[in-house]
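Letter by letter, the chains look like this.
4 protein chains.
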Amino acid sequence: MIVILKPEANQTAVDHLIHNFEEMGLSTHYSQGAHTTLIGLIGDTSKIDMDIISANEIVASVKRISEPYKATNRKFHPNDTIIEINGKKFGEGFFNVIAGPCSIESEEQLISIAKDVKKSGASFLRGGAFKPRTSPYAFQGLQNEGLKLLSQAKKETGLPIVTEIMNLNHIDLFNDVDVIQVGARNMQNFEMLKELGQCDKPILLKRGLSNTIEEWLMSAEYIMAGGNNNIILCERGIRTFETMTRNTLDISAIPLLKKISHLPVIVDPSHATGIPWLVKPLAKAAVVAGADGVMIEVHNNPAKALCDGPQSLTPIEFDHVMKIIDSMVATELKKMNR
Amino acid sequence: MIVILKPEANQTAVDHLIHNFEEMGLSTHYSQGAHTTLIGLIGDTSKIDMDIISANEIVASVKRISEPYKATNRKFHPNDTIIEINGKKFGEGFFNVIAGPCSIESEEQLISIAKDVKKSGASFLRGGAFKPRTSPYAFQGLQNEGLKLLSQAKKETGLPIVTEIMNLNHIDLFNDVDVIQVGARNMQNFEMLKELGQCDKPILLKRGLSNTIEEWLMSAEYIMAGGNNNIILCERGIRTFETMTRNTLDISAIPLLKKISHLPVIVDPSHATGIPWLVKPLAKAAVVAGADGVMIEVHNNPAKALCDGPQSLTPIEFDHVMKIIDSMVATELKKMNR
Amino acid sequence: MIVILKPEANQTAVDHLIHNFEEMGLSTHYSQGAHTTLIGLIGDTSKIDMDIISANEIVASVKRISEPYKATNRKFHPNDTIIEINGKKFGEGFFNVIAGPCSIESEEQLISIAKDVKKSGASFLRGGAFKPRTSPYAFQGLQNEGLKLLSQAKKETGLPIVTEIMNLNHIDLFNDVDVIQVGARNMQNFEMLKELGQCDKPILLKRGLSNTIEEWLMSAEYIMAGGNNNIILCERGIRTFETMTRNTLDISAIPLLKKISHLPVIVDPSHATGIPWLVKPLAKAAVVAGADGVMIEVHNNPAKALCDGPQSLTPIEFDHVMKIIDSMVATELKKMNR
Amino acid sequence: MIVILKPEANQTAVDHLIHNFEEMGLSTHYSQGAHTTLIGLIGDTSKIDMDIISANEIVASVKRISEPYKATNRKFHPNDTIIEINGKKFGEGFFNVIAGPCSIESEEQLISIAKDVKKSGASFLRGGAFKPRTSPYAFQGLQNEGLKLLSQAKKETGLPIVTEIMNLNHIDLFNDVDVIQVGARNMQNFEMLKELGQCDKPILLKRGLSNTIEEWLMSAEYIMAGGNNNIILCERGIRTFETMTRNTLDISAIPLLKKISHLPVIVDPSHATGIPWLVKPLAKAAVVAGADGVMIEVHNNPAKALCDGPQSLTPIEFDHVMKIIDSMVATELKKMNR
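Protein chains in written order, with numbering that gives the first Met the number 0: chain U, 0 to 337; chain F, 0 to 337; chain D, 0 to 337; chain P, 0 to 337.
Rather than coming from a laboratory, the hints here were simulated on the basis of the structure.
Quick caveat: nothing in here was measured; it's all calculated off a predicted structure.
Possibly wrong hints are sitting among the right ones.
Facing chain U, from chain D, some residues (calculated, C-beta under 7 Å) [claimed, not checked]:
#: 1; residue: T239
#: 2; residue: M243
#: 3; residue: R245
#: 4; residue: L248
#: 5; residue: T272
Heads up, the beta-carbon is just placed ideally off N, CA and C, and yes, glycines get one too.
Isolated chain U, as found in the complex (with noise of 0.2 Å):
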């Protein structure tokens, strides 16, 4: 970490700042140059908050060298992160696709998805009994209801279920899911977050809208420093100023991430542009930058559809993309979970 400091720091306030430093177990670095003066600090500062230091009256400004994230770096941890669940791997070498439609509406219409899905040869089963609407006077979703469904649909298809969380005294509710989903609106949900590093289940985290990539692994060392290592991290699109698709699809953050840090990544292209032709070609762009998986939103009857969302694909066009992502997870030496 370096500290610039102003022009006019008084040498005694210089001092006693090196000398706080110092007793916070770091040292230090005094450079005085021309125009600019700077005190380098080496140790661990990671716990060292640069808003602090900022509002010191002699400091100009900080800036940090070494990354804030531990538990999800690279760095500390070489190897992939690998979880598995039911009996399905995550991650190095492994690519499993999540599929299910947005809100469940119907014993019907979960257990007709998730029959079609499991034949296309997705490994996991997601649906939302839990909505996180804009409005409060849009459908919320089934709620428990949808989760005991959900649990029906797992025990007729054998498919591990993924499902929302929005409130973090329902983690009781979530006994029989195996992948508690945190949405894009919760990512900073701190409160949550700690919660969920109590639980012993993988978490599916979502990028925020509009939260960097830097925020995003500091809210998955929320749920590690708990003590849960069990993460998935899900891009999923994020605001920008372009209108004609609904998020933009931050495709650079899958080589990105799993360069930088050690946990398994996934896309979801549904939500990433709310189109659903675009589906396709953003799935096939997300195995080939080094995606672990994909989840995609699918419905079985596009015409009714007042519970889904428009970026929805059918089941025979959802079938149709899991036979292309087939045979290019081969091509990328890939193993596809069934």
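Mind docking chains F, D and P on chain U? Use the hints.
Chains F, D and P alone, transformed into the frame defined by chain U:
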């Protein structure tokens, strides 16, 4: 609401769609042009999910014409909402200054700042007990102990208190708090908003870092849908590409919100940029743009400053800003609360 | 186009407005609802300025329903545009790799790289002669001398050349250039676009850092309006809040543009993030997302590297990427140009 | 400037790099820590290209410590620049209002508005002769004819004139123009900036839609590098995710620029949001935030309004805003120019 149909839409499907809309209690206008065919929907479309209609295979796109926010909409509530808190009015004609430290550090610190800001004319004391920090390794606030210190400061100064909630299970702990703040990162923590709708405390709802004004009003709708109409909106800067300031204060949001909504709107010039010497010009801009108040960070020992953000003012600087605000509020024909 | 009227609109003014629209050759549909009154405009609305109509005092807002881009719109030109340059085809079924140094430094450097990229299979040579630099103090390129070196490299290798224009007076200097590149910062330099519309060279039009896809197509319309239909669109990353990469590659733009426009679309994975080890995964993603080519920076001496961007590949790294692209292009059933 | 080395950097390469820096006339500080090794560069680093250094294979990253802008930097030019135009001063202590129509439509329109805004107290007349339009099919302005009308209006009212240039070949046409405006889309048209640096007219440099403050100052450096120091910066709203306003006025940019640069700064509250009833509050905010002026669109026939943006005020509305600005400027202890 205007539903634009795809050129190839089959007439039976169109008739079916129109029938569905009419069953939802809406009148329809069907209009066929050379290039575009559309259906106009007339009636209460606020409960219609645009995404669901977009999902219909014969629909090209959907455009909303009336606003999705209702309870917060000035159209249906022409008069300004006035919120009375411990005898202090918030809203039309009144101007309030909320001041205090970002984080509560100690009894001495809090009481000292509380007395200072009261003397300078602040009408509310703010102080962070539960702190939303990007990093799990950073100081998370004094928590319950912080709430107790706030109560004590309230007793000693008579200032009503404002503090942030991060966990929906904590509402009971906030009994002595006068205004519950929802931070930017929880603006779309819908489950917490629902809980806050059930309580009778005024809510200070900060805008999310990357949330549109419409989404912000929809979050207020969540609270109002539960029966709690006492909401103060707080603009605190949005996330943009600019890096010289931490956030970009959206000053236009103030007059815009005052026109389209009846709720009080305040500005947080401290978090807006993270730069202390910008607090004064931004606070002044807030007053003339029509804000009903400002929330300013004040700390008493910037040289030590181990628990305070760099954007804070010293009590002396704050006193100077207050004198300027005071005279500007009078020029704007508003009444300064003390 | 839908014109939504203010509730208080006076009937005489409404009649007057409708009359104006009809004089412009448009048919109108007037529709009065309980909450909203609107006028639908039917006919060719592409020349209507939405801002002007919005300015009318009885108009609340205007919503466009058909696209403002015409010449670039696939609706009116269903077949892919194929551009033939020195015997090499650009567009449907063909894939081109454009490679070379960011800045031309010397004859030796350029010829050496040109030979290397040709050997690896690039079909076009790119090299910067005029460099758009944020700082006036930075190296501005070899300029005319650079153009001469490009011509020489073309002679020695047979590769057609691509280079950027920054000044509308320079078109004559670009006689021997095969494809004129318009950089991101000049995407809305409308006067230069008009001049380029008058010339008969293919134009490689890069997307502006913060321009929407619609604005990008409108800039292509400027060139086409002058009579030059040979335009290649190049996605090179957009400006977002993310700071870990220099820009964010908008991968969705590729399949989106291929659907709504007939123009060839390529990707610049080097500028997209500014990180050399991301070039390979992003180039792969570009191929499977449907791009008609990629443009990659290659330099030959990274250790010295006083005139080259950090995002460049070495010739060896480029050769490796080419082998991968080669086999992927075949899988995608496209023909690799060499 | 701080150069952070990769952990695996070979000592010979490090020595070579240090040697290179010293040959560039810089002093170096080498500092080796347990986790990080870095080289501090001391001296004039303004001409160093960070990208080039980053490209070096032993370099992990580069962090700039001193600002890249020099001529515009207040550090090296502590006093405010005052620009005198036809006897009217721009800068410290003076406040100017520039007003007029977005597009010049006719002699009658322009002269009428010019007289109106003069009467209300505007000190400069603005009017668009060359119009940057997203669409080539939209009205492109009266062009040369518009410039003649501006000259005529100047003769009749005595108001100095401000108008936009879009083509570097047009400078000679602007002989009678008092202030040449560079629009947002041309802020990084570096070739035009260079030409403008050679002329002796004051330049009103608008901020690009998505340009950082640093990039904006660097564009001013381009003009100053040519010898023209008469630059007025104009904040006109930036592009963000918010869609309710056309742009987001970055009000913080005003006090920030006044602190870090010595150039005059004005605000365009009309283009900032595109909403006429927001002009008044934003103009007020600009005054108290420290702006040296505002530029406001005024048209005289909003009901017809076929050539004017919806953000314009009528002369009566403008007169009302002027009265308010007038008294606020006095309160801020500045002198209103007329």
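Comparing the hints with the structure gives:
1. T239: holds (5 Å)
2. M243: Interface hint status for M243 (chain D): holds (5 Å vs cutoff 7 Å).
3. R245: violated (10 Å)
4. L248: holds (5 Å)
5. T272: holds (5 Å)
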